[in-house]
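Line order of the protein sequences matches chains A and B. Following this note's numbering from start to finish, the first sequence increments by one per residue and tops out at 399. Following this note's numbering from start to finish, the second sequence increments by one per residue and tops out at 399.
Careful, some of the hints might be misleading.
What the hints assert, rightly or not - If you only want the chain B side, here are some residues facing chain A, beta carbon under 10 Å, derived:
1. Asp108
2. Val172
3. Gly240
4. Gly365
5. Cys368
Worth flagging that the hints you see were computed from the coordinates, not collected in a lab. Think of the CB as a built atom: it goes at the ideal place given N, C-alpha and C, for glycine as much as any other residue.
Each chain is listed here by its residues.
Protein chains: 2
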Amino acid sequence: MAEERLEEFFKEISEDLQRTVNFWLKYSHDEEFGGFFNCLGPSGNVYDEAKHVWLQSRQIWMYARLYNEEEQFRKPEILQAAVRGAEFLQKNAKDPKTSKLCFSLTRDGRPIKIQRSIFSECFYTMAVSELHRTTKEAKYKDEAIEMFDKIIYWVREDSTDMRLGLSPLPGVSAVNSMAVPMMLLCVLDQMETMDSSMSEKYADVGEWSLKQVLAHRQREGTIILENVSPAGGELPGSAGRLTVPGHAIEAGWFLLQYAGKKNDKKLKKTAIDDFIVRMFEYGWDTEHGGLFYFLDIDGYSPVQLEWNMKLWWTHNESMIAFLMAYQKTKDLKMLEKFETLFDYCYSKHVDKENGEWTGYLNRDGSVCMDFKGGPWKGCFHVPRALLMCKQILRDILKK
Amino acid sequence: MAEERLEEFFKEISEDLQRTVNFWLKYSHDEEFGGFFNCLGPSGNVYDEAKHVWLQSRQIWMYARLYNEEEQFRKPEILQAAVRGAEFLQKNAKDPKTSKLCFSLTRDGRPIKIQRSIFSECFYTMAVSELHRTTKEAKYKDEAIEMFDKIIYWVREDSTDMRLGLSPLPGVSAVNSMAVPMMLLCVLDQMETMDSSMSEKYADVGEWSLKQVLAHRQREGTIILENVSPAGGELPGSAGRLTVPGHAIEAGWFLLQYAGKKNDKKLKKTAIDDFIVRMFEYGWDTEHGGLFYFLDIDGYSPVQLEWNMKLWWTHNESMIAFLMAYQKTKDLKMLEKFETLFDYCYSKHVDKENGEWTGYLNRDGSVCMDFKGGPWKGCFHVPRALLMCKQILRDILKK
Chain A
1 MAEERLEEFF
11 KEISEDLQRT
21 VNFWLKYSHD
31 EEFGGFFNCL
41 GPSGNVYDEA
51 KHVWLQSRQI
61 WMYARLYNEE
71 EQFRKPEILQ
81 AAVRGAEFLQ
91 KNAKDPKTSK
101 LCFSLTRDGR
111 PIKIQRSIFS
121 ECFYTMAVSE
131 LHRTTKEAKY
141 KDEAIEMFDK
151 IIYWVREDST
161 DMRLGLSPLP
171 GVSAVNSMAV
181 PMMLLCVLDQ
191 METMDSSMSE
201 KYADVGEWSL
211 KQVLAHRQRE
221 GTIILENVSP
231 AGGELPGSAG
241 RLTVPGHAIE
251 AGWFLLQYAG
261 KKNDKKLKKT
271 AIDDFIVRMF
281 EYGWDTEHGG
291 LFYFLDIDGY
301 SPVQLEWNMK
311 LWWTHNESMI
321 AFLMAYQKTK
331 DLKMLEKFET
341 LFDYCYSKHV
351 DKENGEWTGY
361 LNRDGSVCMD
371 FKGGPWKGCF
381 HVPRALLMCK
391 QILRDILKK
Chain B
1 MAEERLEEFF
11 KEISEDLQRT
21 VNFWLKYSHD
31 EEFGGFFNCL
41 GPSGNVYDEA
51 KHVWLQSRQI
61 WMYARLYNEE
71 EQFRKPEILQ
81 AAVRGAEFLQ
91 KNAKDPKTSK
101 LCFSLTRDGR
111 PIKIQRSIFS
121 ECFYTMAVSE
131 LHRTTKEAKY
141 KDEAIEMFDK
151 IIYWVREDST
161 DMRLGLSPLP
171 GVSAVNSMAV
181 PMMLLCVLDQ
191 METMDSSMSE
201 KYADVGEWSL
211 KQVLAHRQRE
221 GTIILENVSP
231 AGGELPGSAG
241 RLTVPGHAIE
251 AGWFLLQYAG
261 KKNDKKLKKT
271 AIDDFIVRMF
281 EYGWDTEHGG
291 LFYFLDIDGY
301 SPVQLEWNMK
311 LWWTHNESMI
321 AFLMAYQKTK
331 DLKMLEKFET
341 LFDYCYSKHV
351 DKENGEWTGY
361 LNRDGSVCMD
371 FKGGPWKGCF
381 HVPRALLMCK
391 QILRDILKK
């Protein structure tokens, strides 16, 4: 019975959070140049010195959040590392004229790559926003608001600077990619956590993003597609048929959180039924366990070579989603799905010896890549999920 | 005994070539807008209408080559399709001012994406060059020479236009990526096939490209790395440790061909020993068969998620390499490796019912993606390998 395991879940997850944070504290800090090494092998060895800005920003955010919310992590070394990380990005990654941030840097901070998207900028905004919660310094709050306003301007008014001045080619169709409004909802939640008056300031952004995310609910609510047309219809081709079950489930808990703030029962039901439960059932591999990474809604082979792999972050986000759904509904079916995910992750992904999770598994659950950090995996999905699940479990157990 | 199977190899490969060409003739032609559908499902269904320019150009080249070199394919419909394909690209994909070609187009020819590299342009050059052999029309030869001169200028003198005017960022290290000089050797061979006087015109390009490819032979000749420094040393990080065994083996037969033209015995030995045989032994999966796609020379997990997959083209290129090595040395060990590859491919990749090959297999050889054509797989590696192997086997059997 899943309910009888609540204490066990809490204990395992608490220990795992401590191990995971220890891993990053021990191996990732670059004392010489600042910032964090994020390409770390199975036991913490640096196998590539490049610094990826999504991951640098997320680690700053994570450290500040841990410092703010969990007593055991309220340590000067954690705060100091977050502050130094932000200094590294401010100095090296951000263009003060355009507010664009790079995607990757050399160890000593020279830009390697810039993306024509909003993600480096959004994660950086989250980082400085959470740092304001910790330090109360006005500069971080000012920076967060200035960045968020810029991002909103790029998304909703003029994307020229975000696209580095390059126009889209004539054959590129306009697309509502779910990642963009999801990201705005996530940053908005962070801004509200920093300062509750932000809800009012950005109310319109919240409603717009919500509508944009819900437009991905297609075929009478039976599927969540990654890409839809700006008018809310399906797009042709492989991109139009693409689903990422773990991403839809992550969107589900963003919506569930939003529904809670607005006390919106209809949205709560849509989030749980259509984004979380149905997409879990759709995406779960009944043969080997784990969520498929990509699927094509009409059953064609996805064109992404990694489609059948099992990735840590989809499981992290699903753990949060089902535990939050259980917390908000007391529906035992939600806890049972969490149990399924917990058992999968703690037998396949978790490294109890070295800390952190093995991120990339083959379809059958065997290890495909053994590293703990890479160009797309840093100090974020694992500790965020463990922290949130620990907090939710503590709340449930208290009652 | 591999030698006793020569007739069988010839027969199977001849039938497979016919099936494969039939597949593309039957399903890929877009009679309405011109060009070719290249995203084709297992039995030829169009699952995405985008047209990828590498593949469009390669199909034109392949059709013209088949028309020129194999009696059974000397058919007006094949020539006409090649000519119409070139018209489609000239009209839609090429910028007449800069000579840049797009990477992908919509079905009706509107540009979706442009790469800052030379590959679309190189495959297009090969296509028009081979069309000159077929049609004898001066315009194709002029176009091929003009394009090749432009490409050489980009690679060796000024890459600004190739990079669409964008400068590399300050953290990007200069790199000798093996794909570039390999591509130049391949286009050069095509130009010589079109007109033998090209050997003299481009002699310097040949020698330069040869030197650039050989610089990838590292650690006393024991390994072929994908990326080295311009000075010929190893680069740091994952990119510096990357090997693609099937790509090194393909480079091997390019070098073997070059050595034959120059009657260079030392180069012949290097090509066979270091690029072909050693990289095959390094890259072959002794547990499940097939060549790993990517490996890290120091044994770290490669960062490419598809590293352990088995891809059709690496096996196609290896079939050519070992059969050519056997033809040129009469060393039975080469034929035995060819036999190993033949048996792997004809049990895993080949689709005798529908024609063409299933391109993307999981590590264990099971099908990962069932399509015959996709954004990176078109009418090229399979028919080129089958045509070349058929021609080599015919030559061997004649003697």
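| message | So, as I understand it, the hint says Cys368 of chain B touches chain A; can you test that by seeing if any CB pair is closer than 10 Å? | response | At 6 Å from the nearest chain A Cβ, Cys368 of chain B passes the 10 Å test, so the hint holds.
| query | Any CB of chain A closer than 10 Å to the CB of Val172 of chain B? | reply | holds, 6 Å
| query | Can Gly240 of chain B be said to touch chain A, with a Cβ gap under 10 Å? | reply | holds, 9 Å
| At a threshold of 10 Å, is the proposed contact between Asp108 of chain B and chain A supported by beta-carbon distances? | Because about 8 Å separates Asp108 of chain B from the closest Cβ in chain A, which is inside the 10 Å limit, the hint holds.
| Should the hint that Gly365 of chain B touches chain A count as held when the rule is a Cβ pair under 10 Å? | violated, 13 Å
Hint 4 alone, counting from the list given before, is not met by this structure.
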